[in-house]
Amino acid sequence: MIPPVVGLGAVDAAARLAAGAVTSVGLVRAYLDRIAAYDDPHGDQPGLRSVVAVGPDVLRVAARRDAERAAGAVRGPLHGVPVLVKDNCATRDLPTSVGSVALATYRTRDDAVAVRRLRDAGAVVLGKTNMSEFGWHGTFTRSSVRGEARNPYDQRLSTSGSSGGTAAAVAASFAAAGLGTDSCGSILGPSAHQGLVGFRPTAGLVPVEGVVPLSARQDAVGPMTTCVADAALLASVLAADPSLGAGLTGTALRGRRVGYFHWDFSRATPRGPRPGTGQVTALVDRAVADLAARGAEVVEVPFTREFVRDRLVSGGWMDVRAGIDAFFAATPARWPEGLADLTEPRGRLTFADVVADGRCSLAPETIASWLAMPDVPNPAHDAAGAAQEAGARALDAFFAEHGLDALAMPTSEAPAAEGWAGTTFCDVTANTGVPSISLPAGFTAEGLPVGLELVAPRGTDAVLLAMAHDYERATGHRRPPGTVPELPHHGNPHRPR
1 MIPPVVGLGA VDAAARLAAG AVTSVGLVRA YLDRIAAYDD PHGDQPGLRS VVAVGPDVLR
61 VAARRDAERA AGAVRGPLHG VPVLVKDNCA TRDLPTSVGS VALATYRTRD DAVAVRRLRD
121 AGAVVLGKTN MSEFGWHGTF TRSSVRGEAR NPYDQRLSTS GSSGGTAAAV AASFAAAGLG
181 TDSCGSILGP SAHQGLVGFR PTAGLVPVEG VVPLSARQDA VGPMTTCVAD AALLASVLAA
241 DPSLGAGLTG TALRGRRVGY FHWDFSRATP RGPRPGTGQV TALVDRAVAD LAARGAEVVE
301 VPFTREFVRD RLVSGGWMDV RAGIDAFFAA TPARWPEGLA DLTEPRGRLT FADVVADGRC
361 SLAPETIASW LAMPDVPNPA HDAAGAAQEA GARALDAFFA EHGLDALAMP TSEAPAAEGW
421 AGTTFCDVTA NTGVPSISLP AGFTAEGLPV GLELVAPRGT DAVLLAMAHD YERATGHRRP
481 PGTVPELPHH GNPHRPR
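282 is the number that full-length UniProt numbering gives to position 282 of the sequence shown; each next residue is one higher, with no gaps.
Rather than coming from a laboratory, the hints here were simulated on the basis of the structure. Just so you know, not all the hints are guaranteed correct.
Claimed, not checked - Pairwise CB distance ranges (calculated):
| hint | residue 1 | residue 2 | range |
| --- | --- | --- | --- |
| 1 | G476 | M1 | 24 to 30 Å |
| 2 | V299 | G419 | 36 to 42 Å |
| 3 | R271 | A240 | 18 to 24 Å |
Since the model is a prediction, treat every value here as computed from it, not as a measurement. We treat Cβ as the ideally placed atom computed from N, Cα and C, and that holds for glycine.
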């Protein structure tokens with residue numbers, strides 16, 4: 001029998017596997033069925049286009065995990081649990097295309113550290129997910145290798161980016177959990193717009209080795225899941241720190257001091273606010289009231305646009321081309337024949353070769369800007385890095401001055417739309433290295449998810465996860481998307497596959 005899997009998360013999947021209620025093979029078959037049914041166009045739906053590739057041996061790997069469990073050889077807390085991985089994270093058994101069709105067969109010798117830790121914990125890496133090409137776009141997910149990912153709550157709408165493939169796939173129950181990366185909102189935004197929990201850890205907590213970089217100063221790896229307990233479990237595995245999930249007591253908000261503020265979004269576009277902005281503000285106001293009802297002390301704080309704009313600056317995105325080229329040079333891999341010979345130096349794969357292939361979906365002005373970037377280090381890059389670190393210290397001081405355990409804000413000022421789904425405060429986290437989490441905060445009248453973002457001081461990841469878990473237990477806003485229902489034969493032993 002193929003088990004029902006809609007809404008099944010990593011913690012529950014692990015528990016059902018341990019109890020013998022399901023097998024890893026059964027779960028993998030269920031997820032493969034759902035990917036086949038819903039990821040490509042079907043009926044009147046365009047399909048999610050969330051999965052780039054499925055592992056050729058996933059059923060064999062799942063069978064091995066089942067046999068190991070039967071023999072008492074459980075590898076770790078994710079033993080037999082199927083997960084999906086964003087396509088900029090190196091995998092030894094699947095290509096790592098970074099969303100580029102020119103790299104559709106690019107295969108690394110080794111896993112990224114984060115992927116290796118998932119496998120060491122027993123996870124079955126089911127496949128790779130769609131992403132904005134080279135991780136660049138944050139309001140949609142579109143690649144030359146898979147096209148545009150679609151939002152399972154309304155398949156006309158954007159998933160946000162750049163981890164939109166992981167978000168759509170996990171929301172659609174194509175796996176029990178997923179791995180994303182975030183350089184400026186790429187975990188948080190897609191999670192919010194797909195009704196998920198997205199966790200961006202403190203900079204450096206989860207290794208980024210083996211992840212094709214966008215900006216080394218801002219890149220982070222983190223989980224995208226259906227609940228906080230799943231996020232904490234994956235984070236503890238990814239960081240090799242079991243304490244991250246140890247404080248999920250359901251009482252963590254008592255006595256915590258949370259800062260809140262309101263920004264005016266009425267001039268977000270030339271035509272005024274984005275549709276649904278008022279609904280988002282009302283839902284996040286309610287979410288903050290829920291924090292207070294759980295025992296948090298909520299205080300208004302002067303967290304202004306000017307402070308974010310002038311102090312919490314980025315590293316300037318000056319190292320993109322150099323970072324990609326350095327990854328290619330340092331990573332043992334195989335790539336399409338002739339690709340590394342398209343530009344000088346011949347035989348050494350570079351971003352310029354990918355561009356010369358002629359199929360890159362990045363905008364011409366973006367390509368030109370990246371190709372013109374000088375090597376690093378250089379004085380401008382060093383100065384930008386110093387300004388970025390000064391901003392991180394300024395945010396540290398803000399938390400200390402106001403005695404805050406967290407800041408609360410909408411993950412996005414507006415719900416998803418066609419071609420757009422944003423992450424309003426991505427600069428706050430990506431530019432400073434603080435941990436942040438996006439949590440389901442309810443739905444608009446149109447049925448679109450809204451996210452509450454909590455941001456905490458550097459190094460307080462365990463406290464942040466515990467506070468998030470407390471809020472989630474009290475509210476329980478998440479519900480699965482209606483465009484990808486349970487398949488009729490899943491859970492019914494009398495229906496054929």
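To see whether the hints hold, each was checked on the structure:
Taking the beta carbon of each, G476 and M1 are about 29 Å apart, inside 24 to 30 Å as hinted. The given range of 36 to 42 Å is respected by V299 and G419, whose C-beta atoms sit roughly 37 Å from each other. Between R271 and A240 the beta carbons are some 49 Å apart, a value that contradicts the proposed interval 18 to 24 Å.
Of the hints listed earlier, the one the structure fails to meet is number 3.
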